[in-house]
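Just so you know, we're using the working numbering here: the sequence shown kicks off at 6 and counts up by one.
Simulated from the structure, these hints should not be mistaken for laboratory data. Source: prediction; values computed, not measured. One thing to keep in mind: the hints can contain errors.
Listed below are the simulated EDC-like cross-link pairs for lysine to aspartate or glutamate, each with C-alpha atoms no more than 16 Å apart in a straight line [said to hold, decoys possible]:
1) 72 with 96
2) 37 with 80
3) 37 with 96
4) 105 with 45
5) 85 with 96
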Amino acid sequence: MEHKNPPREILGKIFTPRGFWGASGRWGRTAKVVVVVGPDVNPYDLNEVEWAIQTRVQPFSDTIINKSGQAFLMDPSAPKDPGHGIALQSEQIGIDATVKVFERFHTYPEYSNANAEDVAAIAEKLKDIL
6 MEHKNPPREI
16 LGKIFTPRGF
26 WGASGRWGRT
36 AKVVVVVGPD
46 VNPYDLNEVE
56 WAIQTRVQPF
66 SDTIINKSGQ
76 AFLMDPSAPK
86 DPGHGIALQS
96 EQIGIDATVK
106 VFERFHTYPE
116 YSNANAEDVA
126 AIAEKLKDIL
């Protein structure tokens, strides 16, 4: 299968056009970090989202940073505008935690769950450390 939007190099970085990145200018003021996951990941389960980030993201290739996004006005980490005393601009990051089958791979391993008994045994051994 041929990808409709092949990857291209821009300023030394390989980009694959995605509708999400094109819509990044529409992120709201409170969207400081946006993570996109595939249909096999439950976006409401932070463990699954973190798993997708750890197993599907290359930090340089799969992120986009907006240095001048709209700031949440009460954001204590954003620089304050001297004339207004509030944050007007803030940085934002988008993380593409989807499977890049067409861009990088011909196939991708399926998600697998560890044996529940093994997980319990490891948790028991680590309980005093963690």
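Right, here's what the structure says about each hint:
1. This hinted pair checks out: residue 72 and residue 96 have alpha carbons roughly 5 Å apart, not beyond 16 Å.
2. Restraint check for residue 37 and residue 80: the C-alpha separation of about 10 Å stays at or below 16 Å, so the hint holds.
3. For the hint pairing residue 37 with residue 96, the CA-to-CA distance comes to about 7 Å; that is within 16 Å, so the pair holds.
4. Taking the CA atoms of residue 105 and residue 45, the gap is near 13 Å; set against the 16 Å cutoff, the hint holds.
5. With a C-alpha separation of about 13 Å, the suggested pairing of residue 85 with residue 96 holds against the 16 Å cut-off.
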